[in-house]
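Dock chain B against the given chain A, drawing on the hints supplied.
Sequence lines, in order, name chains A and B.
Using the numbering used here, the letters of the first sequence map in sequence onto residues 1 to 426.
Using the numbering used here, the letters of the second sequence map in sequence onto residues 427 to 506.
To be clear, the hints were calculated from the coordinates, so they are not data collected in a lab.
Note that CB positions come from ideal geometry on N, CA and C, so glycine has one too.
In silico SDA-like pairs for lysine to any residue, Cα to Cα no more than 20 Å straight-line:
| hint | chain 1 | residue 1 | chain 2 | residue 2 |
| --- | --- | --- | --- | --- |
| 1 | A | K361 | B | K449 |
| 2 | A | K275 | B | H468 |
| 3 | B | K449 | A | F344 |
| 4 | A | K336 | B | F472 |
Pulled from the structure, derived: some chain A residues nowhere near chain B, Cβ distances all over 10 Å:
| hint | residue |
| --- | --- |
| 5 | L162 |
| 6 | L263 |
| 7 | R367 |
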Amino acid sequence: MGQPAGLSFEQAPAFSLPLRFFLTAPLFLLAAGGLLVWTPEALASRWTPQALALTHALTLGFLAMSMLGALMQMLPVVAGASLPALRLVSWFSHVPLAAGTVALMTGFLTARPAAFAIAIVLLGSGFAVFFAAATLSLARAVSSVTVGGMRLALASLGVTVLLGLALALLRAGGWTPPAVEAAMAAHVAFGLLGWVLLLVIGVAYQVVPMFQITPPYPPRLSRWLAAALFALLLFHASTPMLPGVVTPIVDAGLTSGILLFALATLRLQWRRRRKLPDVTLDYWRLGMASLIACVFVWLVVQFRPAWADSDAYPLLLGVLFIGGFAVSVVNGMLYKIVPFLAWFHLQAQLQARAGSIPTMKDMIAERLTRWQFRLHFVACVLLIAATRWPRLAVAAGGVLALSALLLWINLLSSVRRFARHGGHFT
Amino acid sequence: MTAPANEILVDARGLEPPEPMEKVMQVLALLRPGQAIRMLLHREPFPLYAILAERGYRHETRMEADGSYVILIRQSDANP
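Just chain A, same shape as in the assembly (with noise of 0.2 Å):
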């Protein structure tokens, strides 16, 4: 017998407060297609203003939205320990991220310092609240290779966060001191490879066995990945105080992690049991494809080291571990989440009728998340496209939009359902 995970129907959070998150994350992801469609000079460098509030539309407003309210509904269900004050963490959560990014955003577009100073306010705050609640969470949880990922990612969350919050006061008061690269460099490391890849590697432990109907991952790679990449990190971080010849050392560590998980992942579902066509398998096996690329890409660097100064370079890992990789992953898991929720809660809510509600397959047309797929992996391949040729910006950023637009109209077409079906939201 194990322990009871809290997915009982009393236990579980009301219905309203992670589908604000998923269903806000779409919108943010439209708003940066609509951005590469307006301002396609967004793509001359990864520091221009436009390229910078493009980024955060998408780690900011997409990712780090669709992963919180994933992070409220899985630490019940996971963790065995739900976060405390559920009512409260979402609304000043979710609130204060959403015009948080929209402020920070605003900053980039317009340099005001006003817009900084919001953005700091709110993203400070609304993040402050969820990492405690998430902290005494985990502090509680039953351990686990996924519960491991999870503290580390959100660590890295941390400092991510807390570096974000110095740059952007120091771009409030314009003041660039030396130091500012190497926090820059921390910032984005620890926030994609610590952050992102780490509760993705945390949650795949879970879902990819889960939903995918796979063998487990090899116990000694789940082990040992997470806390490798985040000390790797850490080393990454001060490798202005070290020698020179750790950073190349750390630098191979960290891409031999990323693709040592990339790969056992493919294996794994190569290895499945149920060869069933699954959009959201699909989701993922792009995602584990871009971070193949990813390292690629970097391996060829290494011996063209004139090209690691490109602005090429950089936008081109970019587009490819958040695009390619990032976005896919949580693109895919939208899929199962969303529908599942509203199937869970259809049956907790209908219990008397429970022959009648629909499965969750039935909760979105499965024809349209095809399609969805299928405009988002065009983007992809645009978005790679363009770090070359330019011209072909606006062309992504529309086709990104448009993907963005139908991954919105599908979730909410499962909302729709429930309620179609009797199903109440708090």
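Chain B alone, transformed into the frame defined by chain A:
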């Protein structure tokens, strides 16, 4: 009149979530007093236990030699 077996078999091995749970919930609605569900699954269904307890059912889980699980579900006040 008793059914040939007092158990309804739900073979959910290889089904992806939440089909196993969906099947069990459907069968629960059809259970007659004294009947049990014999559920076969490739994982231990922790999320199901809390729901069963809430609805007044108890369960017994056994792992088979091949690593799959057999879960017997009955009403809490029924005789074993």
